[in-house]
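Student: Make the full structure from the sequences, and use the hints.
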Amino acid sequence: MSFLSYLKDKRYFIGMYAVTMLFVSLIMLVSVKGHAALNNVAYTNAGCFLFAACYLTFGYFYRKSFYTELHTLLEGDNHPDWALEALPDSQTNAQERYLQLLKKLSAGQTKENQLLQAEIRNHQEFILSWIHEVKLPIAASRLIMENRVGKSAEYLVDKLEDELNKIDSYVEQALYYSRIDSFSRDYFIVEQSLAVIVKESIKKVAKLFIAKRIRPDLGELTLTVNSDSKWLGYIVNQIVGNALTYTENGGSITFRCEETESEKRLIIQDTGIGIDAADLSRVFDKGFTGRNGRTHNRSTGMGLYLAKQMAIKLGHDLSITSAEGEGTTVTIHFMKVRHYNDLR
Numbered sequence: 001m002s003f004l005s006y007l008k009d010k011r012y013f014i015g016m017y018a019v020t021m022l023f024v025s026l027i028m029l030v031s032v033k034g035h036a037a038l039n040n041v042a043y044t045n046a047g048c049f050l051f052a053a054c055y056l057t058f059g060y061f062y063r064k065s066f067y068t069e070l071h072t073l074l075e076g077d078n079h080p081d082w083a084l085e086a087l088p089d090s091q092t093n094a095q096e097r098y099l100q101l102l103k104k105l106s107a108g109q110t111k112e113n114q115l116l117q118a119e120i121r122n123h124q125e126f127i128l129s130w131i132h133e134v135k136l137p138i139a140a141s142r143l144i145m146e147n148r149v150g151k152s153a154e155y156l157v158d159k160l161e162d163e164l165n166k167i168d169s170y171v172e173q174a175l176y177y178s179r180i181d182s183f184s185r186d187y188f189i190v191e192q193s194l195a196v197i198v199k200e201s202i203k204k205v206a207k208l209f210i211a212k213r214i215r216p217d218l219g220e221l222t223l224t225v226n227s228d229s230k231w232l233g234y235i236v237n238q239i240v241g242n243a244l245t246y247t248e249n250g251g252s253i254t255f256r257c258e259e260t261e262s263e264k265r266l267i268i269q270d271t272g273i274g275i276d277a278a279d280l281s282r283v284f285d286k287g288f289t290g291r292n293g294r295t296h297n298r299s300t301g302m303g304l305y306l307a308k309q310m311a312i313k314l315g316h317d318l319s320i321t322s323a324e325g326e327g328t329t330v331t332i333h334f335m336k337v338r339h340y341n342d343l344r
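By the UniProt record's numbering, the letter at position 138 of the sequence shown is numbered 138, and the numbering carries on one by one without gaps.
None of these hints come from the bench; they were simulated from the model. It is possible that some hints are incorrect.
Label pairs and their computed distance ranges (CB to CB) [stated by the list, open to error]:
no., residue 1, residue 2, range
1, SER193, GLY287, 32 to 38 Å
2, GLY15, ALA46, 17 to 23 Å
3, LEU136, TYR98, 53 to 59 Å
Glycine included, C-beta positions come from ideal geometry on N, C-alpha and C.
Tutor: Here it is in structure tokens:
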């Protein structure tokens, strides 16, 4: 920092000094006549100028070290976090407040960067997991075609259709995962029939119901709810898909509705293998597969996470109860009073 730059910073002090000395000089000239007045004015101005010059010079050298270190940090190629720690000690209250503000802003930026990095890692993990999962039906399709000799066309088409449905399911999952952050631009809330939503979901996986001889038990699905058909349909699809995956041949999946003063409920109950009690509180966590998911090698850990997030954004909620070996019950809660304009 040059001395001229320092004087520029002190321009208001210098201006006030000049105005003050001019005022004092005029008072002295008016009060005292003759050469004595001129001498007094000259001595007074000289003395005050000397004190002002000493003050400015001392202040410059006192501040010079601070600005020199600051200039070095600005010109250097340093990491922002390191540069913040290397800032010189403050010399004034104003500098101290600025340093506190910088540290506060830096802490906030660091936190945002950490969240962003975590989100990027989550996306990368999902993509890697998704690629691994989608390769399985592709490999299975190739294997079917390689072993097509002696197989009927109907058999081959049926098997290939099963693998294509798996690929379609994974692609749909990736699509909804990519849209979850821009949900507010992609939903339309109208009255929906739960019976229609459930039947459409069952229709999509009818072949698997038949292949595993699992009986869908449709109760009195007479309720209607305010929701988005596409997103609600995906939520139900995920729950039904999980129920089919973890229900052994010959089991059943029951669909029923309930209504209370505060909410409506769609309850989906299966007779599957259930969920370990230690895993139950984490089934809605991103990427969590649980012991049964790892044992059966059938879980990516994203289905229920996406279903939960979508339900919350729609103004609904999901809850789950289960006992290992006794089946699982998933409930979609539809609040009767909800301000959908507040959805994000």
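Student: A separate judgement is required for each hint: does it hold in the structure or not?
Tutor: Okay, the hints, checked on the actual structure:
{"no.": "1", "hint": "SER193 to GLY287: 32 to 38 Å", "verdict": "holds, 34 Å"}
{"no.": "2", "hint": "GLY15 to ALA46: 17 to 23 Å", "verdict": "holds, 20 Å"}
{"no.": "3", "hint": "LEU136 to TYR98: 53 to 59 Å", "verdict": "holds, 57 Å"}
Figure legend: structure checked against the earlier numbered hints; every hint is met.
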